[in-house]
Amino acid sequence: NAGVTQTPKFRILKIGQSMTLQCTQDMNHNYMYWYRQDPGMGLKLIYYSVGAGITDKGEVPNGYNVSRSTTEDFPLRLELAAPSQTSVYFCASSRRTGDEKLFFGSGTQLSVL
Amino acid sequence: QKEVEQNSGPLSVPEGAIASLNCTYSDRGSQSFFWYRQYSGKSPELIMSIYSNGDKEDGRFTAQLNKASQYVSLLIRDSQPSDSATYLCAVNIGRTGFQKLVFGTGTRLLVSP
Numbered sequence: 030n031a032g033v034t035q036t037p038k039f040r041i042l043k044i045g046q047s048m049t050l051q052c053t054q055d056m057n058h059n060y061m062y063w064y065r066q067d068p069g070m071g072l073k074l075i076y077y078s079v080g081a082g083i084t085d086k087g088e089v090p091n092g093y094n095v096s097r098s099t100t101e102d103f104p105l106r107l108e109l110a111a112p113s114q115t116s117v118y119f120c121a122s123s124r125r126t127g128d129e130k131l132f133f134g135s136g137t138q139l140s141v142l
Numbered sequence: 013q014k015e016v017e018q019n020s021g022p023l024s025v026p027e028g029a030i031a032s033l034n035c036t037y038s039d040r041g042s043q044s045f046f047w048y049r050q051y052s053g054k055s056p057e058l059i060m061s062i063y064s065n066g067d068k069e070d071g072r073f074t075a076q077l078n079k080a081s082q083y084v085s086l087l088i089r090d091s092q093p094s095d096s097a098t099y100l101c102a103v104n105i106g107r108t109g110f111q112k113l114v115f116g117t118g119t120r121l122l123v124s125p
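Here the protein sequences come in this chain order: A and B.
Under the working numbering, the residues of the first sequence are numbered 30 to 142, in order.
Under the working numbering, the residues of the second sequence are numbered 13 to 125, in order.
Careful, some of the hints might be misleading.
[Claimed, not checked] Distance condition first, Cα-Cα at most 27 Å in a straight line; then the derived DSSO-like pairs of lysine-lysine:
(1) A:K73 x B:K79
(2) B:K112 x A:K38
(3) B:K68 x A:K130
(4) B:K112 x B:K79
[To be verified] Covered stretches of chain A, as calculated for chain B (at least 3 residues, CB under 8 Å):
(5) 65 to 72
(6) 129 to 136
In short, the hints are calculated from the structure, not lab data.
Quick caveat: nothing in here was measured; it's all calculated off a predicted structure.
Where is the CB? At the ideal position from N, CA and C, for every residue including glycine.
Assemble the whole structure, with the sequences as input and the hints as a guide.
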């Protein structure tokens, strides 16, 4: 099983550019999440989804958008990239909220210059 | 006060020693607690979960929970160089609806041969 797959692994953006980080999971999980991890700052929740067609903001949603048209896919859109969005982004999924283990993708290292 | 606090370390222990990692949390209503291990440049992976006061053992790992003191710890017995990683404490915040998993900033563990 592939689990949670993220692409790309690395990306450099110029200020003001836009891009989409792709995330797909093959475990039929309802819950999907996007986190960002800054050095020494832990993981911060950007957006989450409880199922196809349902998304909601996490702790740090500004500058990002998401969609969930299928159970498998949960892309994260960065509009007008800023240096503050330089970070490592992780997509994760779980069977249900709360008590379940999170399955993480391998991460995307993004630099905005 | 941060929701989940950890000492960033590094915590240095010799091979074969016991490593003790600590975490405090602010929400008295939290019911679920997790320890994730993250190797440098990799994604987090769940190593322990604990829900009740007391100790929970899994191989060389023991999680300890004290809800009255809002304290959770991870003991690693017979530490190995392969245990060198950052250990993230995560606490489930929220009693109804979506339950947010809040991560600490992590403690870096270094096990020397």
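Right, here's what the structure says about each hint:
no.	hint	in the structure
1	A:K73 x B:K79	holds, 24 Å
2	B:K112 x A:K38	holds, 26 Å
3	B:K68 x A:K130	holds, 17 Å
4	B:K112 x B:K79	holds, 18 Å
5	65 to 72	holds (count 4)
6	129 to 136	holds (count 6)
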